[in-house]
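With the sequences and hints as input, model every part of the structure.
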Amino acid sequence: MTPPSSSSRRHRHPAWPVVPVLALCAALTGCAAPSATGPRSVTIERTTHGIAHVTAADYEGLAYGSSYAHAQDNVCQTAEHLLTVRGERSRFLGPQAMGDLGLGRLSNAQIDLFVRQHMDDAALARAADTVGPQARAALRGYVAGYNRYLRDAGPDGLPEACRGRPWVRPMTAADLSRATELSMIQGGLGA
113 MTPPSSSSRR HRHPAWPVVP VLALCAALTG CAAPSATGPR SVTIERTTHG IAHVTAADYE
173 GLAYGSSYAH AQDNVCQTAE HLLTVRGERS RFLGPQAMGD LGLGRLSNAQ IDLFVRQHMD
233 DAALARAADT VGPQARAALR GYVAGYNRYL RDAGPDGLPE ACRGRPWVRP MTAADLSRAT
293 ELSMIQGGLG A
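Each residue of the sequence shown is one higher than the last, beginning at 113 in our numbering.
For the record, the hints were derived by calculation from the structure and aren't laboratory data. There could be a bad hint or two in this list.
Unchecked claim - Here are the simulated distance ranges between beta carbons: (1) Ile163 / Pro282: 34 to 40 Å; (2) Ser219 / His161: 33 to 39 Å; (3) Pro282 / Glu157: 23 to 29 Å; (4) Gly162 / Ala235: 34 to 40 Å; (5) Ala273 / Ala234: 22 to 28 Å; (6) Ala209 / Pro271: 17 to 23 Å.
All C-beta atoms in this analysis are idealised placements derived from N, C-alpha and C, irrespective of residue type, glycine included.
Laid out in structure tokens, this is it:
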């Protein structure tokens, strides 16, 4: 598959797209037909204002294209968010440096402690096993789209804010589950 086509414009979006992915997965759990496996057919076109329009043959491709487009616009923000959900902010950014969690600014050590104490990877994996085939395909596509963007851009093709940083790493399915869980926790706290 060739990489999705798009303009090289950069746009900053403040929200990590976990909630839309969750909504997509929730909507798909009732669908019976499994998504197609194999090569993806995805097109990303940008409007004159830089808005990505993704066309795909199935839900996996749609999530793949959405994730790829989001990474084009927000790869550094996403990579830093993955640090948060992995509980690794202190390791890479320093324990005393400040970061955002919900509506508050906390030290990275506090954020890491909160995340590590609240994540139950075994429970998240069990929950992931209960979703329907199309939702599972969408989650798989989302992870693959972000990772494809990282490969296409390469370490030197990333924005200056995260170019060559060791904390910019591929996303895993567990990372996406953790990001979803963190969004749910923060939503429950009114953040």
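Checked hints:
{"no.": "1", "hint": "Ile163 / Pro282: 34 to 40 Å", "verdict": "violated (26 Å)"}
{"no.": "2", "hint": "Ser219 / His161: 33 to 39 Å", "verdict": "holds (38 Å)"}
{"no.": "3", "hint": "Pro282 / Glu157: 23 to 29 Å", "verdict": "holds (26 Å)"}
{"no.": "4", "hint": "Gly162 / Ala235: 34 to 40 Å", "verdict": "holds (39 Å)"}
{"no.": "5", "hint": "Ala273 / Ala234: 22 to 28 Å", "verdict": "violated (34 Å)"}
{"no.": "6", "hint": "Ala209 / Pro271: 17 to 23 Å", "verdict": "holds (19 Å)"}
Taken one by one, the earlier hints fail for this structure at numbers 1 and 5, listed in ascending order.
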